[in-house]
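There are 2 protein chains.
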Amino acid sequence: MVKLDFGKTGGLVPAIVQDFKTGDVLMLAYMNKAAWEQTLSSGKATYFSRSRQKLWIKGNTSGNRQIVKEIRIDCDNDTVLLKVEQIGGAACHTGYRSCFYKKINPEGATEITGKPVFDPEEVYGK
Amino acid sequence: MVKLDFGKTGGLVPAIVQDFKTGDVLMLAYMNKAAWEQTLSSGKATYFSRSRQKLWIKGNTSGNRQIVKEIRIDCDNDTVLLKVEQIGGAACHTGYRSCFYKKINPEGATEITGKPVFDPEEVYGK
Chain R
0 MVKLDFGKTG GLVPAIVQDF KTGDVLMLAY MNKAAWEQTL SSGKATYFSR SRQKLWIKGN
60 TSGNRQIVKE IRIDCDNDTV LLKVEQIGGA ACHTGYRSCF YKKINPEGAT EITGKPVFDP
120 EEVYGK
Chain W
0 MVKLDFGKTG GLVPAIVQDF KTGDVLMLAY MNKAAWEQTL SSGKATYFSR SRQKLWIKGN
60 TSGNRQIVKE IRIDCDNDTV LLKVEQIGGA ACHTGYRSCF YKKINPEGAT EITGKPVFDP
120 EEVYGK
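Just so you know, the protein sequences line up as chains R and W, in that order. Take the first sequence: its letter number 86 is residue 85 in numbering that gives the first Met the number 0, and every next letter is one higher. Take the second sequence: its letter number 47 is residue 46 in numbering that gives the first Met the number 0, and every next letter is one higher.
What the hints contain is simulated information worked out from the structure, not anything from laboratory work. Among the hints, erroneous ones may be present.
To be verified - Result set (DSS-like, lysine-lysine): computed pairs, CA atoms no more than 30 Å apart in a straight line: (1) R:20 / W:101; (2) R:68 / W:20; (3) R:7 / W:53; (4) W:53 / R:102; (5) W:102 / R:68; (6) W:102 / W:114; (7) W:102 / R:7; (8) R:43 / W:102; (9) R:7 / W:82; (10) R:82 / W:43; (11) W:101 / R:32; (12) R:43 / W:7.
Model the full structure from these sequences, guided by the hints.
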């Protein structure tokens, strides 16, 4: 059984989440040991929410779950790469498919790319 | 000019590095404000080495530089996504193309995928 190095960032490792078909990077989240073990055993992407300080089964509120298709770890066992099937078509709470919808242009300003897939107000209420 | 949120992880933001052609995730590194600004101004991926506690122009020792082709940031401005041209064919100090050369199999053990592109002993000495 692989052992991840949770010591470098206060008990958390970053998890890069990639669409298993297109290769698009959808988001970055964090896992503590419990989130990592639950992801392995359930096959559903589970993270640790730093803002809410608790386990976060991705999509439990929005329905936009992530089915894990492949898991990789990096050379020094302190970063996870999940290849997932993104249910509902969007990973970002803003409604965009990917959290990385802002591109830096040559002047150093941000430019929005793409369009939201869902309306966050409808999905999360208020 | 965009402002990144360096406050959540002690002055650093994670940077996901992706091959601009294949979409393969090559590595994850960290940037402080100086590394971010130098990446923007130079077009060469520059990080902050947590182990050496100093600015790290990727490839300065190995020659395996990363030419930045596109920069994205995420919804809450605390993660960077770099799309790069990987000079020398390998991003990982182990000689593998990607740092994510270890796959988790259904039993929870790691399996090595692919083969090293270079011999680290030749590149880094020792």
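How the hints compare with the structure:
For the given pair, residue 20 (chain R) sits about 19 Å from residue 101 (chain W) by alpha-carbon distance, which is consistent with the 30 Å threshold. At roughly 22 Å between alpha-carbon atoms, residue 68 (chain R) and residue 20 (chain W) fall within 30 Å of each other, so this suggested pair holds. Taken as a hint, the residue 7 (chain R) and residue 53 (chain W) pair is honoured in the structure, with Cα atoms around 16 Å apart against an allowance of 30 Å. Simply put, residue 53 (chain W) and residue 102 (chain R) have alpha-carbon atoms about 27 Å apart, close enough for the 30 Å limit, and the pair holds.
For a cut-off of 30 Å, the pair hint linking residue 102 (chain W) to residue 68 (chain R) stands: about 11 Å separates their Cα positions. Distance hint between residue 102 (chain W) and residue 114 (chain W) is fulfilled; the C-alpha atoms sit about 13 Å from each other, no more than 30 Å. Under the criterion of a C-alpha separation no larger than 30 Å, the hint pairing residue 102 (chain W) with residue 7 (chain R) is consistent with the structure, at around 21 Å. As the CA atoms of residue 43 (chain R) and residue 102 (chain W) are separated by approximately 17 Å, the hinted pair is consistent with the 30 Å bound.
Taking the CA atoms of residue 7 (chain R) and residue 82 (chain W), the gap is about 25 Å. The hint holds against a cut of 30 Å. Between the alpha carbons of residue 82 (chain R) and residue 43 (chain W) the distance comes to roughly 27 Å, so the proposed pair stays at or under 30 Å and holds. Our distance criterion of 30 Å between C-alpha atoms is met by residue 101 (chain W) and residue 32 (chain R), whose separation comes to about 19 Å. Only pairs whose Cα atoms come within 30 Å are accepted, and residue 43 (chain R) paired with residue 7 (chain W) is accepted, the gap being roughly 26 Å.
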